[in-house]
Each structure stands twice: as structure tokens, then as C-alpha cells.
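*Asks:* Sequence:
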Amino acid sequence: MMFKNIETQFVLEKFESFRSIEGINIRVEPILNIHQRFSIDALLQFLKKNHIQDINGYFMNHRSNSDYAMLDAESKIQDLLFCLLIPLIPDLQYEDPSSKPIGSLTSTRKDLVSKKEKLIIETKLASSKHTARTIESEISEDINKYGRLKLYKSIIFYIYCHQYNYPSKSQFEEGLTQEVEIGGFRFKTFCIVK
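Per my numbering, the sequence shown runs over residues 17 to 210.
Among the hints, a few may not be true.
Stated by the list, open to error - Cross-link-like lysine to aspartate or glutamate pairs, in silico, EDC-like; alpha carbons within 20 Å at most: (1) K134 / E197; (2) K204 / E189; (3) K169 / E197; (4) K131 / E152; (5) K166 / E189; (6) K132 / E154.
Everything labelled a hint here was simulated from the structure, so no lab data went into it.
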């Protein structure tokens, strides 16, 4: 599989080469059982763990010149989530970042999407310049535009905090984990702040 983003290709190749080393005891999460039916609850549990932080720590300590040593862009979070989730959700697709209009209410470009599982994963990067208030506004916009599509049953908002202390994190997550109805179409939203 070839990627437009060289760093994403590098991460996937390193992951594959690491998995193939004999004698390494790789801890397998229950969600990685390929015979298990997809479960949104299992996916949420997986995303709530510190996998992104662990990968970031690896790059900081072993590949400090890599772009992934500093997770300061939403696209980097998307890349890492894609690499983590593609074995779990085989039809997972990522956005084409070169064609995404910035800030357009009419744009329905999803960060990560699975048509089979009727799932969207939207990433957000929280920072001192991109605060909780801004993210809350973006999420409201996303809920409305994706709800109008009437295609997806689950939307997960994955918010990564880059040198930013998210205020009222658990209340924010709870407030955006809800069942929503737009134009007679019902779907669920979930929020994870890391």
C-alpha cells in the first residue's frame, strides 16, 4: 500500500518490520482478535489507552529528527490513528489533505471513515492557539454536516492535547458522548480527549 505522505508510509513499514521480528513478545489487545465482530465499545476502549502517547514517546526518544517526535499538527495525529486502526478496521479510509477546504461548512471531508462500519473518526488538535472553545464550535459544525449525510451511525471525536491542559476534560467528553437526531436520522457521537 503506498501513501502520499512519506511519514505515514515510514510508520507503517516500521510497524510491519517490528511485528515480524522473531522472539518479540507483542502484547495483543483483545480488540485485535480478527475473528471478533467489530464493536464500537472495544474501539473506544482501545482509543482511550495511551497508544498515541507511547508512539510519540518512541519517536521522541529514538527518532528525534522525525516529524512524529513533535505531535503539533492534526495531520500527524490522523496518520498515527490510521496506522493503529487499519488492522482493526480494514476498510478505513483517510482524507486527501491536499483537497480539503479549510473551515468550510459545506465540506464533508472526514478525517478517517469506514463505510462498512458506518463510522467517522474526526481528529482535533488542542493547543493554546486552538482552544477548547474553538474545538467545541468545530465539533458542533461537524455533527450538523455529517448528520445531514444520513450515512454514519457513529462519529468519534479524538482530541489530542499538544502542550495544552484541556479544561473540564471529563465533562467535555460526557457532554459530547450522546445520541443525536438530525432530520429524522439518529446516530451517536463519542468524544475522547487525550
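*Asks:* Does E189 sit within 20 Å of K204, going by the straight-line distance between their CA atoms?
*Replies:* Judged against 20 Å, a Cα distance of about 13 Å means the pair holds.
*Asks:* Tell me if the straight-line CA distance from K166 to E189 falls inside 20 Å.
*Replies:* violated (23 Å)
*Asks:* Is K131 within 20 Å of E152, Cα to Cα?
*Replies:* This hinted pair is violated, its Cα atoms lying about 25 Å apart.
*Asks:* Between K132 and E154, is the straight-line Cα distance small enough, at 20 Å or below?
*Replies:* violated (25 Å)
*Asks:* What's the verdict on K169 and E197, does the C-alpha distance respect the 20 Å limit or exceed it?
*Replies:* Holds. K169 to E197 sits at ~11 Å (cutoff 20 Å).
*Asks:* Does K134 pair with E197 here, judged by a C-alpha cut-off of 20 Å?
*Replies:* holds (16 Å)
Hints 4, 5 and 6, counting from the list given before, are not met by this structure.
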